[in-house]
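J.: Each chain is listed here by its residues.
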Amino acid sequence: MSDPTGGAVGHRLSPDAYTRMTLILRAGLALSVAILLGALLAYLIVHPTASAQSILAANPIALYLSPGGLVRGLAQGRRESFLTLGLLVLLATPILRVATGAYYFYKDGEREMAAITTTVFALLLVGLLVIGPFIP
Amino acid sequence: MDLGLFVLLVALTGIAAGLVGSLTGLGGALIVIPVLVIAFGVDFPTAAGAGLMTILATSSTTGAAYLRDRLTDLRIGMFLEIATVPGALVGATATVFLTHANLDNALLIGLGFVLLAIVPLSYARRNEELPPAVVPDARSQRLGLRGAYHDEALGQDVQYQAARTAPALGVMFGAGLVSGMFGIGGGVFKVLALERFLRLPMKISTATSNFMIGVTGAAGAGILLAAGFVNPLVAAPAALGTAAGAYLGSQVLPGLSNRTVRLLFLPVVVALAIEVIVRGLGGP
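Protein sequence lines correspond, in order, to chains P and D. Take our numbering: the final residue in the first sequence is number 136, and no numbers are missing along the way. Take our numbering: the final residue in the second sequence is number 420, and no numbers are missing along the way.
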């Protein structure tokens, strides 16, 4: 195929990267759906008389948003911590896609694209781990 | 309202929104967020947090097919994320600050105006499948922002190269800002930049926008989750329902005219926009 600009054929990431990212998407979605559905049903069974107003007034996962709180909650089998875990898996899926992209750009020796993708990855982590928890 | 009934109704709202959102290409969050505020009495930051989680679920549901068909241009998508992600971080941070300052109503009014802006923009999509020949700029040449794919419908191999990357980055920052601040995907703005500025083919624009929506959504969702604005008993049924609706939309009704559904859908968006503006102004 000739290139429209007359240069070399424009290449995209290797087919392996596409395969890996498709797998990440499917696995991340399946895992998060399974955790969220299970934890949601368990929460509703354990709290049969709860009202929507009560859960809207106080976020039930507030205690499990820190790494320590989440680990303790999971160890104790708290349903709220599993709800948090399901949301985190859903959130981590696109972030993992970006990390995968950075890996393949480095592997292919594309330093500028690798730097751009790594910066995007770093910004995503900054939002989750630095900005969110520390906004006064 | 009983919590079980609430969860069920939110999930059903998500299914309907995901179905319509996938058929129109506008995404389900546009419907889910105002309906959560208007019909379920959810406060705006929690509705925005739920909206961003629906975007993550929908993008993952529909994104796998685009990746499998090699329609997503990962190179161009990753390049543009350098603008959308900072935009989303700024937008979500602003939402947290405005909420702490008890300015939720200003956010509601802003959401209403963004919804109203989306209506004409959704008609601004280029109607031709392929763009005319373009002159790529130096950045596009240097980063190799070009590609090729086989178009089944046209029965030909299609080559493309991105042009005008600077204004596209500006629009993408704005798209990220809107996404992080209001919890919507901002796909309309992203597709606009991909088609109008980068001059990419329609299919590549749609698939790449879908990929980017997930990453941008993660930037905003990370902040809102950490700040405590993602309530799983709202976000989980909304996200699961919307993802299911989006999947149904892509599988069951491929023959339905996108334009017809959009004509039916847009008055609903306008009505919701007016209602959230009225609420933001202190109305009933």
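Everything labelled a hint here was simulated from the structure, so no lab data went into it. Treat the numbers as computed from the prediction; the structure is a model and nothing was measured. Mixed in with the good hints there might be a few duds.
[Claimed, not checked] Covered stretches of chain D, going by a simulated chain P footprint (3 or more residues, C-beta under 8 Å):
{"no.": "1", "segment": "167-180"}
{"no.": "2", "segment": "354-360"}
[As the list claims (entries may be wrong)] The calculated label-pair distances, taken between Cβ atoms and stated as ranges, are:
{"no.": "3", "chain 1": "P", "residue 1": "ILE45", "chain 2": "D", "residue 2": "ILE410", "range": "21 to 31 Å"}
{"no.": "4", "chain 1": "P", "residue 1": "ALA27", "chain 2": "D", "residue 2": "LEU257", "range": "52 to 62 Å"}
{"no.": "5", "chain 1": "P", "residue 1": "LEU31", "chain 2": "D", "residue 2": "LEU257", "range": "27 to 37 Å"}
C-beta: ideal position from N, C-alpha, C; glycine also.
J.: For each hint, tell me whether it holds in the structure or not.
T.: Now for the hints, and whether the structure bears them out:
| no. | hint | verdict |
| --- | --- | --- |
| 1 | 167-180 | holds (count 4) |
| 2 | 354-360 | holds (count 7) |
| 3 | ILE45(P) / ILE410(D): 21 to 31 Å | violated (40 Å) |
| 4 | ALA27(P) / LEU257(D): 52 to 62 Å | violated (34 Å) |
| 5 | LEU31(P) / LEU257(D): 27 to 37 Å | holds (35 Å) |
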